[in-house]
Structures are given as structure tokens and as C-alpha cells.
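Colleague: Protein chains in written order, with the numbering used here: chain A, 1 to 675; chain B, 1 to 135.
Incorrect hints may appear among the rest.
What the hints assert, rightly or not - Lysine-lysine pairs mimicking DSSO-like chemistry, simulated, CA-CA at most 30 Å apart:
1) 507/A x 496/A
2) 485/A x 121/B
3) 559/A x 471/A
4) 112/B x 101/B
5) 448/A x 62/B
6) 559/A x 448/A
7) 471/A x 507/A
8) 101/B x 121/B
9) 559/A x 496/A
10) 496/A x 112/B
11) 471/A x 496/A
12) 471/A x 101/B
13) 101/B x 62/B
14) 496/A x 62/B
15) 112/B x 62/B
Honestly, the hints are just simulated from the structure, not real lab data.
Being a predicted model, the structure only gives us computed values, none of them experimental.
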Amino acid sequence: MPSNRLWRAVLVLSLVTAAAAALVSVAGASGLQSSASSALPETNIIDPLSRRGEESPANRSESQQHGKSKKHNGVATPVVTPTPFDAVSNAVPGQSFEGLSMWDQRTLNGFYLEPPDQGMCASTNASVGAGGRVVEAVNDVFAAYNTAGTTLKEQTLNQFFGYPDVLAGGPELTDPSCYYDEETGAWFVVVLTLELDPDTGNFTGENHLDINVSNPANHDPSTTTWKRYTIDTTDNGNHGSPNHGCGLDPNPRAGESMPDACIGDYPHIGADRYGFYITTNEYPFFTDGFNSAQIYALSKHKLAANASSVPWVQFANTKLATEKRGPTGFTIWPAVVPGQAYDNDNGGTEFFLSSDAAEEAGNSTGSSDTIGLWAITNSSSLDTAHPDLNLSSRALSSEPYGVPPLSDQPSSGTQDPSQNWPLGQCLNIDACFQTFLSAPGETEDPYKPEVIGQLDSNDSRMQQVYYANGKVWGALDTRMSVGGKEQAGIAWFVVKPSMIGQGGGGKVGPQSAVVNQGYIGAVNANVTYPALAVTTAGQGAMAFSLVGPANYPSAADVKFGNSGPVGTIHMTAPGLGLQDGFSEYKYYSPFAPGPNGEAPPPRPRWGDYGAADEDNGTIWIASEEIHNNCNLSTWAATTGHCGPQADRSPVPGFGQPEARRLLGNWNTHIARITP
Amino acid sequence: MFQGYTPGVVARPRVWGGVLAVCVLAAVSGTAAGSTRSAVLHGTVLLAPATPVCMPRVPCMKPAAGVVLAFTRAGFVRARATTASDGSYRVTLAPGTYAVKATRPGGVTRVKPATLTLAPKQVRRLTFYLDTGIR
């Protein structure tokens, strides 16, 4: 921490710089505005789906229990032999680059968000543009790159989906994900859209899934026009949605026009030859509780053709294994396949994986030793006017896993002056706080001292799923004991599905089993948010974040084979500094402070997911990391920008990206791995 | 170990009568509110995250009303507290370490922290989080 004299010098310098920056930012804002306007895609704001959908009643979900019914009493924390890690990158030279960051979010949108929720997909097929394209979507920015990381197009997610920006009265978009389909050459980007009341800015309750699909005449995501499809997920009868009876908000706020809304949270996507699938976790929007995972199945071919009418089916009331007694479906993640290696049996089959350690699944222990295998068969019927799908599932015995603890980063819980955490440090210095952070009338952070925060490690929900080489591959976050220390790690699974029945009536059979599984843990470090992709030969790579007392938040990876991880964990992009974002500090998440000014501990955010995508025998990976390490003096002198991020290409319309912004510093990294 | 027996605070009994007396005293001190050694625990129960993403100074959490907190020690529930409409609660407990469980009809119950320790006569403010599962 600087001495008083040094601090005064910093303050004078920063005030001068801040004044200069303010002038620049005013000038830049008008340029930004016109550039943003010209960057708006051609919009096709239609809603062809919301009244044509067919909600599948629960009795169409035919499921069976594999073995005896299991009552959860909790399972022991797994003791894991650590996987070594080193600083050598696995990435293809020249195809490992920094992606979107808090700088992009704050600069393009004008406000701060955590966490990024990273979606990414890629292709090097000739039809997508010379050399290939990589698409990244985070909260709340869209970008298209070439494979060397040069930014070809970048805009706010709102603009990408054809909405006004949030600060211009548009909705709030979240949880983006991305998929490139080899068969059709189409790109799909999905987001959950939360409508805001234009007068108050409060949530109205109305929410919907938006699906942007590239134009079939132009498969270059940096130049194509996008067609938007919408599915209402309010599920209170709004726009023809079913009414799932979500709890009524007892204290609705102004502008909250749908206090009985559900929310289609955490949408994730997959596809087979015929179907495009989105699954959500449905909660009451304004009260607590959980309905079940929802599965939306749509005709992939009609979406890819930008058809004006697309048949779709919604599966509600999902239950794993037994219709009435099984665990409620939670985060049923649909599979993606490498290339065009779709499962064409049973009229077209899509697989999904889920876990059941969560309370949403009816498990109060936070741990489990079963996972769920799900399948939808007869997906070819999605190309007809009356889809006739069959959803089935089984609970499979697995290795134990459970909800992990928060992840420590270096000096978590302390005010270590040898570390750079300028936002937190500024909150602890009244003069700095007053200069850069205070609201009118405030003279100090009433909740100081702030300390270096931890990172969220996710719960134990299933993460990205692949169907490759006749098996379903997946991974999730788990607690584990490594070297006697409880920390966050990864449990991975390879499932061999065995179907029974004929044609469209095929369902998950009793011979389905977890055929390989294991853990990834590191000595004195947490590994979190796995994303696994696999080639047709069963070779792959897994992306994740790695962070611990001796490791800044890093992007890391490990190669995968049919028998599990191959070799050591590699640092795709070693973290350069601490996570220093608003959600880890009490000041930015105050609630009902007591008479003594005490605030609840903050609820830090990280993730909420990464991405991995197979592309012509290679794997593209994407993870959150910290790629800056700015000290307090530089942070103050640059009003939090901390200078240019030299290893990124300029963003069209916005110039050279900078290292961070005032209230946050997350980064994302994208790389190509040859398994 | 006897319930509520705190080494160094209550003298070691020499005879069975003494043992019985200590047991009674200890049991009382371990369960009764209002003992001179009792601690007070108060605070708020919050639901978090309340939205998929968080913004600065926009509460990413909201109060949880009607939550029943059960404080368990040595396998027995020693006290319960129900949160008010603003999520606040207050409970008097004997000093010691407790496991905490939350129940609420139709609501989530994943509570953090799940354990806590109270010193004699301590007045402690503690915020509990219930994980909504929303991400």
C-alpha cells in the first residue's frame, strides 16, 4: 500500500488523467455510437415458434431405473491422485489467443457484468471464410475471429440479436452458447433474454430463448445475416407458453408485470442429424424453488434453412429414470458430435447427460454416485409437421462426486500488500474510494476492510457433453481431497449407451453403463468449469480454469483419449494476476447491512461455463482466466484501464483493447489443440 | 463427553452424585435459552444468486422469508429459528459448535455456512446464503 505521500502523488496524477480520460471517453462515445449503429446486423425479428410448439406431457417421457432405487445419504469426498501440471502450452502455434474480456463488456455495453458465461464454436471448413472462423459469445458481447485471433466483427449481444442495447431500453441477455453444424454449415447462437421494464429497469418477468441462425447463403459468421427465432420460457401462459405454476412474487416491484413468471435458466445446446436441442433449468423467476429441466427439440434443418416455420417440442416435468419417483431432471446437457458422426439409429438419436447431486434433483446431501443418461429418439420426425419424439433415461452408477468448495486464489482472505488487487485496495483507502468509486454522499466503503476474494467453483451440474466413438462423454465440478486438502476438481465420465426397442420407439436400455471415469485434480490448485470435446476416434481435449494459492486464475487443458486424460495438465494461458472484480467485494453486493454496518460476505462469481468444440480432428477450447496484473498506481492513473492489451488485435470500431476496466478484470482465452 | 460439558469451566465430578448434578446442569446449559452463558445469533438469510448475472451495487441476492433454520449439536436439534419477511432471524443458543440445516416448503435449502461456533455470551451476526441454483 503506498505511503500517504506517494498516495497523494498518485491521486493528483490520477485526477489529471481521469479528467483527460473523461474528455476522450466523451469523444469516443459518439464514435462508438455511430460505429455500433452501422454494425447492426440485418434483423429478422419474427417469432415463428411460439404458437406452433407442442408441449410434451410427462407421460411421453418413458424412463426406467437401472438397478435398485437409490436413496441418497451422501457419499464420501473422493481422494484423488493429482495430475501433474506444467507451464508448457498444448496449443497449435499461432492459434492461441486472448478473447473477450471485461474491457469489451464495459466498453461496448456501458456497464459491468460478472461472470462472462463463455460460449465458443469454430470451423476451418472453406465455406465459413478463408482459413476458418471462431465465434465467441459472452455476457454481453459477440465476436467473430479468424483462427489467428484477429477480430473480424464485434458487437454487443443485444445488437447481435437485433435488440436495442440495455442502456437504450433493450432487454438483458445472458447465458450465451454457440454451435457450428458440419452437415448444414450453419452457425447457431443461443441466449436467454430477460425483458426489462423501460421505465424502471426492473425485470418484467417475461423471458425467452433467442436462437440466431446464420444465413444459408453465407456461412461466414463475420459477414452473414442472422435470423432470430424465439421460444417463450416464461411458462406462465405468456405468448402461448404452458403454465407451470411458478410461485407468485409476494412483493412485486414496479414494472414487474409477470410476478408468476418462470425463468429458463442456464440454456445449453446440442444437435444430432435432425434435431437442434436446448435444455434449461426452470425456476420461479421471483421466488425460490425448482420445476425441472426443460428440453426443447427443434428441426435443425428448418432452422438452418431459415424457414419461416419450425416445428418444435418441449419436454416438461423431466424425471430421471422413473417417471414419478426419479430425481427431477436438472441440467440435462445435450450432446454435440464431432463432424457429422451423428447417431442415425432409432430414427435419429440425441444423447444427454445429467447429474443428481443437486437439491434441484431432490438430493439434499450435495453428493451422489450416479449420473443420468438420456436419449431422444425418432428425431427425424422433427422434419415433419407433427414430431413424434421419445424421451427416455436411466440412472447409471458412477464414481462419487459432490458440490465443491469455493476456489482460493493467491492470498485469498487477506489484504496482502504484495499483491495487485487495485479495486479492492482502492475500496480500503478513503481518498481513493472518494475519487473513483463512491456514490454521492459516501466518504468511505462502509464495509471495509475488503479482502482478496475467492472464485466460485460451480456446483456439481453436468458440463459440456459430446457423443463420439459410440460413447457419451461428459465432466462436472466436484469436491475432492488432493494431498489431504479439500478443494475443487473435475470428475469425468465416458458412458456407453445401449438402446432397446425398434425404430422411433428406441429407448435407453439396461445395458447402458459408465465404461470409464476418473478425476482430474491438481496439487494445491483448484480445477473448475470443464469443457470436453472429442474426435470421432475418441481423442480429445478438456478445457478448464486452474487457480490456487500459488496460481493466478489460468486457462488450462489436458488431452484426452479413450482411457481418460493423457499426460499432464498444460497451461493454455497462465494467469497473470488476481481476479479483482466487483462481485468479490462487499461494497458491490450490500444487502440489509446491520446497525454495525456489517455486510454479508460477498457472493463471488466465475465461469459459469467454458467451451470446447471439435473441428476437423482438432479441438478448440475456451476458458476464463486473468490476463492482467495492474498495480494500484497504474489503475488509478488510467482510471482502471491499465493500458493497452498488446496481445489482442484491434476491435473494429473500438480500437485497441485495454487490459481491464475500473470494476473488473476477467479475460477469456481461446486455443486450438491437436489431440 | 456430556452434553454441554466444557472442560475447564465445570469442575470434574468426584462421585456419582456429582456426575449427576453436573449432567443436569450441563444439559440445562446446553439447551436452555437465557442462560447466563448463552450466545445470541442473529442476521439475515439471503437467496443468492437471484439473477443469472450480477451487476455492481444491484443486489444479486434477496431475502428469504419463512426459512426454518435448525441448529443441531451432538445429533439433537437444540433450537430453531424462522426468518421474517425481510429474511431476518434471531436465536439464543448455548455456546458450542452447531450444524445448520434450512427447510422451507417448496424452496431451496442449500445453506452456507453449514456449521458455526459460538463462544459463551457471544452476540454474533451471521448471514446465511441459500443457493438458488440460478447461474
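Colleague: Each hint needs a verdict: does it hold in this structure or not?
Modeller: Against the structure, the hints:
1. Straight-line distance between C-alpha atoms of residue 507/A and residue 496/A comes to about 14 Å, which keeps the hinted pair within the 30 Å bound.
2. At most 30 Å may separate the alpha-carbon atoms for a hinted pair to count; residue 485/A and residue 121/B exceed this at roughly 33 Å.
3. About 17 Å separates the Cα atoms of residue 559/A and residue 471/A, which keeps this hinted pair within 30 Å; it holds.
4. Distance hint between residue 112/B and residue 101/B is fulfilled; the C-alpha atoms sit about 9 Å from each other, no more than 30 Å.
5. Between residue 448/A and residue 62/B the CA atoms are separated by roughly 22 Å; this keeps the pair inside 30 Å, and the hint holds.
6. At most 30 Å may separate the alpha-carbon atoms for a hinted pair to count; residue 559/A and residue 448/A exceed this at roughly 44 Å.
7. For a cut-off of 30 Å, the pair hint linking residue 471/A to residue 507/A stands: about 15 Å separates their Cα positions.
8. Between residue 101/B and residue 121/B, the direct Cα distance comes to roughly 23 Å. Compliance with the 30 Å bound is thereby established for this hinted pair.
9. In summary, the hint linking residue 559/A to residue 496/A is supported, as the alpha carbons are separated by about 20 Å, within the 30 Å threshold.
10. Using a Cα cut-off of 30 Å, the hinted pair residue 496/A and residue 112/B is violated, with the two alpha carbons roughly 37 Å apart.
11. With a C-alpha separation of about 5 Å, the suggested pair residue 471/A and residue 496/A falls inside the 30 Å cut-off, and the hint holds.
12. Simply put, residue 471/A and residue 101/B have alpha-carbon atoms about 39 Å apart, too far for the 30 Å limit, and the pair is violated.
13. Straight-line distance between C-alpha atoms of residue 101/B and residue 62/B comes to about 19 Å, which keeps the hinted pair within the 30 Å bound.
14. Among the hinted pairs, residue 496/A with residue 62/B is inconsistent with the structure: their alpha-carbon atoms are about 43 Å apart, more than 30 Å.
15. As the CA atoms of residue 112/B and residue 62/B are separated by approximately 15 Å, the hinted pair is consistent with the 30 Å bound.
In summary, the numbered hints that this structure violates are 2, 6, 10, 12, 14.
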